[in-house]
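Produce the complete structure using the sequences and hints provided.
Top line first, the protein sequences correspond to chains E and V. Note that the working numbering has the first sequence beginning at 2, numbered continuously upward. Note that the working numbering has the second sequence beginning at 398, numbered continuously upward.
Any given hint could turn out to be false.
[Unchecked claim] Derived BS3-like pairs: lysine-lysine, alpha-carbon spacing no greater than 27 Å straight-line:
no., chain 1, residue 1, chain 2, residue 2
1, V, Lys764, V, Lys834
2, V, Lys561, E, Lys113
3, E, Lys97, E, Lys113
4, V, Lys824, E, Lys113
5, V, Lys834, V, Lys765
6, V, Lys561, E, Lys28
7, E, Lys113, E, Lys28
8, V, Lys824, V, Lys834
9, V, Lys765, V, Lys849
10, V, Lys824, V, Lys750
11, V, Lys758, V, Lys834
12, E, Lys97, V, Lys422
13, V, Lys757, E, Lys113
14, V, Lys824, V, Lys765
15, V, Lys764, V, Lys824
16, V, Lys561, E, Lys97
17, V, Lys750, V, Lys765
18, V, Lys849, V, Lys758
19, V, Lys824, V, Lys758
20, V, Lys422, E, Lys113
21, V, Lys849, V, Lys764
22, V, Lys758, E, Lys113
23, V, Lys849, V, Lys834
24, V, Lys849, V, Lys750
Quick caveat, the hints were computed from the structure, so don't treat them as lab data.
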Amino acid sequence: MEIILPVITGFLYAVGLFFMMHRSFIKLIIGIIIFAHASNLFLFVASDIARNAVPFIDPQVEASFGEMADPLPQAMILTAIVIGLGIQAFAIVLLKRVYYVVETSDLDALNKTDQLTHD
Amino acid sequence: MTNVLITIPLLIPLITALGSLFFWKRDYAQKILYLLGSSLTLAGSVCLLWITHQEGIVSMHIGNFQPPFAITLVSDLFSALMIVATAILGFLIFFYAEADRSITNNHVRYAFYPALMFMLLGIMGSFLTADIFNLYVWFEVMLVGSFALLTLGGEREQLEGSIKYVTINFIASAILLAGIGVLYGISGSTNMADLSIFFREENESPLVYIAAIFFLLSFGIKSAIFPLFFWLPATYHTPPVAVSAIIAGLLTKVGVYALIRTFTIIIPIETAFFQNLMLTIAALTMLVGVLGAVAQFDFRKLLAFHIISQIGYMVMGLAIYTPLAVAGAIFFILHNILVKTNLFFISGIVYNKEGTFSLKKLGGYYKKHPFISLLFFISAFSLAGIPPLSGFWGKYYLARAGLDAEQYIVVAVSLVTGLLTLFSMAKIWRYVFWRQKPQTDEILADAKYNEKQSITGMLFSSVALSFLVICLSLFPEPLVQLTQRAADQLFQRDAYIEAVLNINTEHEMD
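Structure (structure tokens):
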């Protein structure tokens, strides 16, 4: 597991970025979602899958649970997943709205606000 | 030092925002709630600043968990000053948005004020938290509020801008999360004070630098430093003026706040490479921002580019990395929040009267509205740093700190930038205020913007901000002292650690 997970994380980052670089709205959404998953997994891997002490255990009690995963990163990932879900939902609605207003699904067409206005 | 007062700037916006959701589509009730909530927040924030000033760092552990496991709220002088500035804007924006014709009843009906309140809540939370994961959560609260504000109205340009804004901010948040993961992996903690102790004792792990780069990237995107600023000029000029004003005034500064907080308290990195990197970033941010501004012919776009340039000064304070420099940066942030918002306010007043932001179509304002011109003059020349206006004091302390630290290049760049800022402000002055209005037969498409527009509320907000700027200009001494104490608190971390962890550091060290 400890070798596979970093590889998968890196792969997901790459795929997420790859999709985000495309011009299509749908691919942008897919890219955002995969990128979010990649960073959640990264948090999981980077904070060590099983090492640190469990925060809420009475030190006087002889704990014989064996090696135990630290629950804190998992709690953090859970929070991040929920927040990510909210933002992804917002992004989907936003892109749908843009599609209706601009009538294109090409991100390159959305360059009006970047241009210098000389009128 | 435990004090319940610290929750006031969080609780009141939270209750107001949630409460006004019960009055969905009843704009009158929402407005009253917002006015009530923002004025109470302002009062609470000023009290918090007073307490922090009198009694030192104030902290509170939510749910009475033992630190470092508790989520701790902490207010040192830096946080408290930022909170007061935020609360002032949150209060004044109400009167402005009330009078601004580009905020229609539809905006208000579809949760303009609750979204604004949620954004303020997120900003306050980011300033108060002492837990780096909690900081991420507050950032998201702030961002979701700002997403809603930016897209509300659904104009084409707004939507175009917000796609870029949402995507880039999402990436920034993901990078921040990765940075938190690395920090947690090294130290097993997310509490800022706990991390501070940890990295003081062993700063050996090379992973620290990876975490630092993650934080630099993430907060750098949010605060629009070079070369991560491209989303800003594409977005900030698209929503209604009241929205641009408050977002331009506050959001990037939250990014800078997070940068300063991270690189002073949590991971103080004092290697020459890192300092040079920050100095380069600061110099390029200043220059590129102001050069971008000079090229623009749109009132708000010009101001938006200026935000980037000003961020450069704040990063310069952090990069020089002496208490005096950071104090200068804090002073500069506070000055910039007031001045930048006021400039956007004035661009909105002009827009409400003329129906355009294009410099080439505007003109003759000095003759028609000398008072508005005066307001612009004060803010614009304060931004350029003309003595004795407030921008001068900020730049003075930054330059002095730079000279003390023998960083001559960045000081030179900052002075050149000041000159270019003056030039670009003079450009607005010349086009909008000084010259005669060009004769065009063009009839404004939108009849709701015209010369007879009542702008009392907008003027009130702008005059109030200008008054604060003048106070800051003529009597900078109290604020300078406060910012110097704030910077000392950032550099002498013991007080912060004691307040957050409820311990006496001297015992800990023995």
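Each hint, compared with the structure:
{"no.": "1", "hint": "V:Lys764 / V:Lys834", "result": "holds (10 Å)"}
{"no.": "2", "hint": "V:Lys561 / E:Lys113", "result": "holds (12 Å)"}
{"no.": "3", "hint": "E:Lys97 / E:Lys113", "result": "holds (19 Å)"}
{"no.": "4", "hint": "V:Lys824 / E:Lys113", "result": "holds (24 Å)"}
{"no.": "5", "hint": "V:Lys834 / V:Lys765", "result": "holds (10 Å)"}
{"no.": "6", "hint": "V:Lys561 / E:Lys28", "result": "holds (14 Å)"}
{"no.": "7", "hint": "E:Lys113 / E:Lys28", "result": "holds (21 Å)"}
{"no.": "8", "hint": "V:Lys824 / V:Lys834", "result": "holds (15 Å)"}
{"no.": "9", "hint": "V:Lys765 / V:Lys849", "result": "holds (12 Å)"}
{"no.": "10", "hint": "V:Lys824 / V:Lys750", "result": "holds (20 Å)"}
{"no.": "11", "hint": "V:Lys758 / V:Lys834", "result": "holds (7 Å)"}
{"no.": "12", "hint": "E:Lys97 / V:Lys422", "result": "holds (23 Å)"}
{"no.": "13", "hint": "V:Lys757 / E:Lys113", "result": "holds (19 Å)"}
{"no.": "14", "hint": "V:Lys824 / V:Lys765", "result": "holds (19 Å)"}
{"no.": "15", "hint": "V:Lys764 / V:Lys824", "result": "holds (17 Å)"}
{"no.": "16", "hint": "V:Lys561 / E:Lys97", "result": "holds (15 Å)"}
{"no.": "17", "hint": "V:Lys750 / V:Lys765", "result": "holds (11 Å)"}
{"no.": "18", "hint": "V:Lys849 / V:Lys758", "result": "holds (18 Å)"}
{"no.": "19", "hint": "V:Lys824 / V:Lys758", "result": "holds (14 Å)"}
{"no.": "20", "hint": "V:Lys422 / E:Lys113", "result": "violated (32 Å)"}
{"no.": "21", "hint": "V:Lys849 / V:Lys764", "result": "holds (16 Å)"}
{"no.": "22", "hint": "V:Lys758 / E:Lys113", "result": "holds (20 Å)"}
{"no.": "23", "hint": "V:Lys849 / V:Lys834", "result": "holds (17 Å)"}
{"no.": "24", "hint": "V:Lys849 / V:Lys750", "result": "holds (7 Å)"}
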